[in-house]
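Here the protein sequences line up with chains G and V, keeping their order. Using the numbering used here, the first residue of the first sequence is number -10, and each one after it goes up by one. Using the numbering used here, the first residue of the second sequence is number 17, and each one after it goes up by one.
Just so you know, the hints here were simulated from the structure itself, not pulled from any lab data. Some clues are possibly wrong.
Partner residues aside, some chain G positions facing chain V, computed with beta carbon under 7 Å [said to hold, decoys possible]: (1) Val22; (2) Leu25; (3) Phe27; (4) Phe75; (5) Ile141; (6) Phe148; (7) Asn155; (8) Phe156; (9) Thr276; (10) Ile279; (11) Met313; (12) Pro316; (13) Leu329; (14) Val332; (15) Gln336.
Distance condition first, Cα-Cα at most 27 Å in a straight line; then the derived DSSO-like pairs of lysine-lysine [as the list claims (entries may be wrong)]: (16) V/Lys99 with G/Lys71; (17) V/Lys194 with V/Lys315; (18) V/Lys124 with G/Lys33; (19) V/Lys305 with G/Lys73.
Predicted model only: the values in this text are computed from it and were never measured. Even for Gly, the Cβ is constructed at its ideal location relative to N, Cα and C.
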Amino acid sequence: MKKSVKRTESSIIIRNVFAYFISVLLALGVMSVIILLFGFNVSKVLKTLLTASFRTSFGFQETIKKTIPLIFTTFAFTLPFKIKFFNTGGWGQMLFGATMVAVTGLFLSNSGITLPTYIIIPLLIIVGILAGGFFGLIAGFLTAKYNINPIISTIMLNFVGVQFLNFIATNSYFKDPLEGHPITLPLPKSATLGFFGGIPHSIIFAVVSVLFVYILIKKTRLGYEINAIGYNLDAAKTYGINFPRIIMLTFFIAGALGGLAGTFEVMNIHKKLVEGFALTSGAQYGTFGILTSLIVAGNPIGVPFSAFLMSVLLVGADALQRTMQVPVELVFLSQALIVLFIVIIRQRFERGR
Amino acid sequence: MSFINSFISQTIVYTVVYTLTSLGIVVSGRAGIFNVAGEGIMLASASSGFLAAYLTGNALFGFIVGSLMGAVFGLIIAFVHEKFKVNQFILGISLVILGTGLSDLLYKLIIGVRLTAPRSPATPLVKIPLISRIPVFSAFLTQDVIVYFMYIVSIFLWWFYYRTKLGLETRAIGENPKAADVVGVNVTKRRYLSTIIGSALIGIAGAYLPISITGTYTPDISAGRGFMAIGIAIFASWRPERAILGGFLFAAIEVISFRLQVISRTIPYQFLLMLPFILVLVVMIIFNKQIEFPASVGKPYSRE
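Work out the full structure: start from the sequences and follow the hints.
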């Protein structure tokens, strides 16, 4: 098995891009069969699906709006994946981050404290980082101390996050009395972020996060240790890497990145906390972050591209539902198929080498 | 007395969901396949099983279709894992998302949007003449056919794994596939069979939700129970007789939290809804030392 064939970074990227497009074609094929069976016009459906993001500037802005949180939730999955652990809790970390940001912002405005923008915005971002990180840290701690698989712990925490968000949104201290649906009061204007002509300001933080994760993995001691554990856990332990510390730290950072997804959804998009958020867009970003990460096999530079392509399909799915009454679930289904095909194809490459 | 009776009979109904799902996970886990797709399988089977029951007017037909849907998922898991050696967790997570999408898609395409939700035909009840008069005990038995099915499957699986040669061999695959292979057990075949049968059991649990419990299909009807069942399977150390106890425990907690939501105004209901999920973690921390895993669960096996 061990052939000392050195593969260059670029040949791996080319293979992955190739695998991606083959998988997309296969998934679109399966989708077309389903579309045909239920009597929709295949070429019209595919055209709407793939071009909705590019036909209007509104479509493009919507795509970017989805790409930003997806980048964060994708990284939330990617980092622990490097040490062969599955953080399926991006959803919960995102929701807890969003909730605590709204709680902090509204607590300040309800108690009549007005802070200048340059203080409140960094403050809320730090709250979001710590809240998401806290949820991640619980999973990391349970793994390190009790050997509980993070798949279980993070999924359980997801449901805790959903209910906690709903509790805050319905709580009379935070709720907007004029709204029938459980929605909190809006955040003070000084605590919200704006837009560059339709593109949210939070895109800056998304770009920073890409650089952050890239530097973390490639240039720091922690990144080196993460790679060492991912490559061979036993060897890493023998060489004195403190496994419990690394796993807790990794899950904290992953959770913090997940928390940022929620932070910017509250500060930049909704500007308040909505009860159904957990189940609509929240669930989308949380779960699709996993798929997006699996598509690029944890490569940080690939993440923004993968997240963008995923958003194109999500925006296309919305357009299909609106204009042709094709259920959005059809597109969700094909996204899961894309990932299945891509992992199979990639596995074949790995074994074939 | 009637309070205890109604509490137990309601709990037994939910026990079916937790127990059959965790038994399904146990069955595949015993052969070395860690099936984390339970939530997705339940949803896909809930929707397809409900549609079959509704369209044919026969609840039993719904369970058959639900279990077939589960079996198909099991076949996919076994095939993709055994053939391509794709990581079981990656496969499981993708299938959860696939099952979630498939469930709503099927329902929307076949039923569409209706003002009144279509109702499922009733599940046949089994009433044993004398036993149905005994207080408390009768609550365990005066139930529908699937409850009896759960009892029989639990007992059968215990007998199979601990009293038969075939069962011993299957457990050996989960512990050490190489050793089992050396003595002539067909590892791949057993893994296929175990995963397909296990997923079919999960499928029946999924179909039970809309057909027997709520009477109609709603999106996300499994509400995380497929994930909790993984916790139960682990907490039960992959032993079928403990899985039914774990299933009963979590069903009781769920029923208690329903009832508290009705009576209590001091505890916000969202915290009651969180309770079972937190409890999974608490139970796993408390019993951490006693939990045993089949040694090879989650790991691929190839003969070279």
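Here is how each hint holds up against the structure:
no. : hint                   : result
1   : Val22                  : 13 Å, violated
2   : Leu25                  : 12 Å, violated
3   : Phe27                  : 5 Å, holds
4   : Phe75                  : 5 Å, holds
5   : Ile141                 : 5 Å, holds
6   : Phe148                 : 4 Å, holds
7   : Asn155                 : 5 Å, holds
8   : Phe156                 : 4 Å, holds
9   : Thr276                 : 6 Å, holds
10  : Ile279                 : 6 Å, holds
11  : Met313                 : 13 Å, violated
12  : Pro316                 : 4 Å, holds
13  : Leu329                 : 5 Å, holds
14  : Val332                 : 5 Å, holds
15  : Gln336                 : 5 Å, holds
16  : V/Lys99 with G/Lys71   : 24 Å, holds
17  : V/Lys194 with V/Lys315 : 12 Å, holds
18  : V/Lys124 with G/Lys33  : 20 Å, holds
19  : V/Lys305 with G/Lys73  : 23 Å, holds
Hint compliance for this structure: hints 1, 2, 11 are broken, all remaining hints hold.
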